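Participant: Sequence:
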Amino acid sequence: MKAMTMKKYIIIGVLLGFLFSAVAMAGDVNKLTPQDSLKLKIKSLEKRLETLEEKESENEMQKLMQEAETAAAEKTQETTHSKTFKTGQRSLQAINPELSITGDSRAQAVFNKDGFNDDTRTGFNYRTVGIHFQSSLDPFSFMKAVVEFHPDGVEFAEAYATWSNLLPKVSVTAGKFRQQFGVVNRWHDHSLDQYDYPLAMTTILGEDGINQTGVSFQWLMPSLWADANTLYLQITNGANEQLFSGSQFSFPAVLARLTNYYDLSKSTYLDVGFSGMTGHNNLRGYDNDGNIVKEQQRTTNLAGMDLTLFLEPVNRAHYHSFLWRSELYYADKQLSGPDHIKALGGYSYVEYKLNERFQAGVRYDYTQPFELNNDGKYISQVLPYITWWQSHWARFRLQLNHKNGSGFTQADNVLLLQLTWAAGPHKHDRY
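Reminder that position 22 of the sequence shown reads as 297 in the numbering used here, one-by-one numbering, no gaps.
One thing to keep in mind: the hints can contain errors.
Claimed, not checked - With a Cα cut of at most 27 Å, we get these calculated DSS-like pairs of lysine-lysine:
1) K678 - K628
2) K617 - K569
3) K338 - K322
4) K628 - K541
5) K678 - K617
6) K388 - K652
7) K678 - K652
8) K617 - K652
9) K541 - K444
10) K678 - K388
By construction, these hints were calculated from the structure, which means they are not laboratory data.
These numbers come from a predicted model, not from an experiment.
Work out the full structure, taking the sequences as your base and the hints as a guide.
Facilitator: Laid out in structure tokens, this is it:
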């Protein structure tokens, strides 16, 4: 009994010892002051801050290294570029002139008992192959030149330079050029609205029109009685064999032209022009034998008037338009003694654009022959035509020429099919 009692006391004492130890430890924990707790938090924050600073330092170091690598690469490129040498040969093509080539050919049938007349015969023929050059010489001037190949030879049709706005609203052209007498005399064959030039023009002004060498001034005048007024003054040699002396060094032949432009509506304009020209037709110089020739001075005077009415509906210009153009020509050429050749002629045509590719029109020509004693004599012509534009570079035209007059025993009829094509940037430009 006593032994059991002793064991109980020993067990109870051990348990009480453990209890007192636990209570003492709890008391020690509760003895932490607020200052001690704050210090622990500060140490924790300091460790976190040190970690962040280390990461930021690593990022900045990486950025610096990347910037250094980029700068080194750029420096290498600059050094390499500075040691590269170029000849510039490939850029020389930028100063080459723009080149265009045009072709004009036809198939035709002459309807009379012989199958031919004075001008043409049944069959195939080409009229012109033209090589057109154009280039800006510098910021102030440009040049144009045309070389034409005909069945009977080669010629420089035009070769001139133009200075734009040399004076306020004044441009100057010098060289060989088709002159601005009326409207169509300025155009080349391949750009005509019909196959051939009007009879009045070729009969009175000559087969090739007026194409001479000299200088031309164009002045865009202040608007006076029209919406726009333009004055042309051209001084050239009298190289036209029919109107003037035919000598390249015959000087001067003077042309003046005034155009008056009116805007009738948003879709319609009217252009009215007046042209006049005078020059000598007598020879002065040396003949083929070296003898001095001094003929009595004789003059040739020309007058002309033209009218163009053009209607192009707004927003429909690609599909429909209407054109009416007319011109009158008059010539008075003084011959030896009291004789004069006086001739009057003109033409008028209308043309309607049927759709995007087809145009149809009809032209009427009338002229007196360019000869003495031509009172009561005349040549007239009616020519209906239809034009089909296959594209901007290829064009077909079907035309019927019905010619009659006082010198004809029977009317002359020619049916022709024309093909014109253009390769290059300028196509069928009228210049």
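Participant: Indicate, hint by hint, whether the structure satisfies it.
Facilitator: Each hint, compared with the structure:
Restraint check for K678 and K628: the C-alpha separation of about 25 Å stays at or below 27 Å, so the hint holds. Only pairs whose Cα atoms come within 27 Å are accepted, and K617 paired with K569 is accepted, the gap being roughly 25 Å. A hinted pair counts as satisfied when its Cα atoms are at most 27 Å apart, and K338 with K322 qualifies at roughly 25 Å. Only pairs whose Cα atoms come within 27 Å are accepted, and K628 paired with K541 is accepted, the gap being roughly 18 Å.
A C-alpha spacing of about 22 Å is found between K678 and K617, which places the hinted pair at or below 27 Å, so the restraint holds. For a cut-off of 27 Å, the pair hint linking K388 to K652 stands: about 25 Å separates their Cα positions. Distance restraint check for K678 and K652: the Cα-Cα separation of roughly 14 Å lies within the 27 Å cut-off, and the hinted pair is therefore satisfied. With a C-alpha separation of about 12 Å, the suggested pairing of K617 with K652 holds against the 27 Å cut-off.
Pair hint K541 plus K444 holds up; C-alpha atoms about 25 Å apart against a cutoff of 27 Å. Proximity of K678 to K388 is assessed by CA-CA distance (about 15 Å); at most 27 Å being required, the pair is judged to hold.
Going through the hint list in order, the structure satisfies each hint without exception.
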